[in-house]
Amino acid sequence: MNKAIVTVKNVGKVYGSHWALKDINLEIAPGEIVGFVGPNGSGKTTLIKIMAGLITPTEGIVNVPKEGLIPDSAGIGLVMESAPFAAHLSGYKNLELLAYIKNVISANEIRQAIQIVGLDPESGKKVGHYSFGMRQRLALAQAIMERPRLLLLDEPTNGLDAQAIIELRDTLKSLAKENGIAIFLASHLLTEVENVCDRVLMVKQGKIRKTFNKSDNGRAPVIVQTTDASDIEKLLIWLKAHGLTYQVLKANEVSIDIDMPVPQLVNSLVQANVNIEGIIKKAPTLEEEFISLLIKGE
Amino acid sequence: MKGLIKNELVRLLISLRWLIIIPAALIPAHFFGAELARALNFSHPNIPALNGWDGFMLTFSAGGVWTLAYFFLLAFAFIVGDRFVGDKDSGYLSWLVIRTNKKKVWTAKILAVLIAALIYSGLYMVIVAGYNAAFLPISFEGSQLARDPSVMYEIFRITTSQQTINFYQSVSPFAIFVLSALFAGLGLGAITSALLYLTLLVQKSFVPIVISALLAIFAPLFILSRGLGLHPAARLSFDFHVGFGNIEPQMIFYQTISLWILLVVLSIYLGNRKIKKLEI
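Chains as they are written, first to last, in our numbering: chain A, 1440 to 1737; chain B, -8 to 271.
Rather than coming from a laboratory, the hints here were simulated on the basis of the structure.
Values in this document were obtained by computation on a predicted structure and should not be read as measured data.
Treat the hints with care, as some may be off.
Distance condition first, Cα-Cα at most 27 Å in a straight line; then the derived DSS-like pairs of lysine-lysine [to be verified]:
id : chain 1 : residue 1 : chain 2 : residue 2
1  : A       : Lys1505   : B       : Lys(-3)
2  : A       : Lys1532   : B       : Lys268
3  : B       : Lys(-3)   : B       : Lys93
4  : B       : Lys195    : A       : Lys1505
5  : B       : Lys267    : B       : Lys79
6  : A       : Lys1646   : B       : Lys268
7  : B       : Lys93     : B       : Lys267
8  : A       : Lys1448   : B       : Lys93
9  : B       : Lys79     : B       : Lys93
10 : B       : Lys79     : A       : Lys1541
11 : A       : Lys1689   : A       : Lys1679
12 : A       : Lys1565   : B       : Lys(-3)
13 : A       : Lys1541   : B       : Lys(-7)
14 : B       : Lys79     : A       : Lys1461
15 : A       : Lys1646   : A       : Lys1448
16 : B       : Lys94     : A       : Lys1532
These stretches of chain A come out as covered by chain B in the derived footprint (C-beta under 8 Å, 3 or more residues) [stated by the list, open to error]:
id : stretch
17 : 1482 to 1496
18 : 1511 to 1518
For each residue, glycine too, the CB sits at the ideal point set by N, CA and C.
All chains should be built: construct the whole structure from the sequences, respecting the hints.
Encoded structure:
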């Protein structure tokens, strides 16, 4: 991992006697997309606001970039659930108003940001006439226009249609990959979070319970289909010899709980004279992990 | 800071709420200005004809607390009262804060409201003057009544002690118009700065309305006594027009200006202390 540009150490936030967040530790590297999922009230927005400097944590330390990729620009871009633009102004004019504050980007750079999110920078259409999805895209444009090093997104897909969600996903991946922007994304859409994020933190009652890592080649059930029943017998002998746990699904199908790369498993089974018809590594989806961890409490 | 003020000011000025300035200026201009001037001419057929400037000045003198508190001040409070609470609730405040810091955002908000108050005051007075000019004779100088104390002394039976009044017979009504707009604008900006500070203390959407209503109720305490209204020289003249007994402003011009500036500075200072700890 590259040197982290975001460090969150032992962060906690208490309201009255209720800890909205507790013992949060997190690092994000440049170009990394980290997801944050959890039930309502689990502290997602609170953590984003703490990272954005909008609220102060009760305990712990937060280090975030002070400056963006453009000198003197803001280090953080922020998209919250709402997109509170001035309804009587066009999208471009709204962004120009925000760009006045730092005055570090040109009109062309504002237009580029609008183009990146799939809107027309030359359109004079007032934001009051935008659809919700267009407002959300414009909100993303305001967040990226000054090229921050960290992008904080709180439910950015709210109100977006399927096509807009796919486009947003591609935009985020490209921003992370091409510009090295670190992205922290809180959302309820588990499939989207899984698709776009490199890793996902699962939070419940203010604490991170588990990290779901897409690139993790750890233990995951593998389903092996053999040519016929006699191969199943050979397979079971091999499994018992290696002390592995398994479950026979059909007459020629077995699910194996194994921590071994699939090519190596195939080689071993071929050497054991097992005729393999098919093999699938069935890693649990984020949704399955979410249900088992946060709903069933496993 | 310049960019922040520009952001605040543009968002403030494009609000449709500014349309309220039209009825808020026209109603007192009609009843306390043009109509009253015509009534004076009718009831005192021997006085020289009053012109548009008399109507303008009567709007603020005869209108007194009605014009200043219930129209001038309340309409502006309606326009700017939720500048802080609205931005906080909508989430816009967070976009501002991540680009600078909370203190600068607050300072810019107060300064933008102050500038907007001066613009509002100028616009308000232009509407009042324009309306009176439309219904009363147009002139580039004050009427004979306003320029010649002896006429007023005779008609309104002013006592000797009141004859030392600094009438504006040697001052252009344009100059009084500009001074009045600036003076009233500064006072308005100062009062609404304090109002914004109160909305920072109690962040509820109803607070601006409640505070504005309270301001209106208690307006006589600070508007008439402390001179939110007009340039003192002009106020003396207006009071004289309608024969008010008490024609001495309780505070003189520069003291009042100092008070307003102090109120703005306090709103910025106390607001900065408060917003530092505020969760957005």
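Quick rundown of the hints versus the structure:
Distance restraint check for Lys1505 of chain A and Lys(-3) of chain B: the Cα-Cα separation of roughly 23 Å lies within the 27 Å cut-off, and the hinted pair is therefore satisfied. Taking the CA atoms of Lys1532 of chain A and Lys268 of chain B, the gap is near 32 Å; set against the 27 Å cutoff, the hint is violated. Note on Lys(-3) of chain B and Lys93 of chain B: the hinted pairing holds, with a Cα-Cα distance of about 16 Å set against a maximum of 27 Å. Between Lys195 of chain B and Lys1505 of chain A, the direct Cα distance comes to roughly 32 Å. Violation of the 27 Å bound is thereby established for this hinted pair.
At roughly 14 Å between alpha-carbon atoms, Lys267 of chain B and Lys79 of chain B fall within 27 Å of each other, so this suggested pair holds. Proximity of Lys1646 of chain A to Lys268 of chain B is assessed by CA-CA distance (about 25 Å); at most 27 Å being required, the pair is judged to hold. With a C-alpha separation of about 6 Å, the suggested pairing of Lys93 of chain B with Lys267 of chain B holds against the 27 Å cut-off. Taken as a hint, the Lys1448 of chain A and Lys93 of chain B pair is honoured in the structure, with Cα atoms around 24 Å apart against an allowance of 27 Å.
Taking the CA atoms of Lys79 of chain B and Lys93 of chain B, the gap is near 12 Å; set against the 27 Å cutoff, the hint holds. For a cut-off of 27 Å, the pair hint linking Lys79 of chain B to Lys1541 of chain A stands: about 20 Å separates their Cα positions. As the CA atoms of Lys1689 of chain A and Lys1679 of chain A are separated by approximately 18 Å, the hinted pair is consistent with the 27 Å bound. Among the hinted pairs, Lys1565 of chain A with Lys(-3) of chain B is consistent with the structure: their alpha-carbon atoms are about 20 Å apart, no more than 27 Å.
As the CA atoms of Lys1541 of chain A and Lys(-7) of chain B are separated by approximately 9 Å, the hinted pair is consistent with the 27 Å bound. Of the pairs offered as hints, the one joining Lys79 of chain B and Lys1461 of chain A holds, with about 26 Å between alpha carbons and a cut-off of 27 Å not exceeded. In summary, the hint linking Lys1646 of chain A to Lys1448 of chain A is supported, as the alpha carbons are separated by about 13 Å, within the 27 Å threshold. In summary, the hint linking Lys94 of chain B to Lys1532 of chain A is supported, as the alpha carbons are separated by about 25 Å, within the 27 Å threshold.
A count of 6 residues in the stretch 1482 to 1496 of chain A with a Cβ less than 8 Å from any Cβ of chain B is obtained; the coverage claim is therefore met, three being the minimum. Look at the stretch 1511 to 1518 of chain A against chain B: 4 of its residues bring a Cβ nearer than 8 Å to a Cβ of that chain, three or more, so the hint holds.
Checked against the numbered hints listed earlier, the structure breaks hints 2 and 4; every other hint is satisfied.
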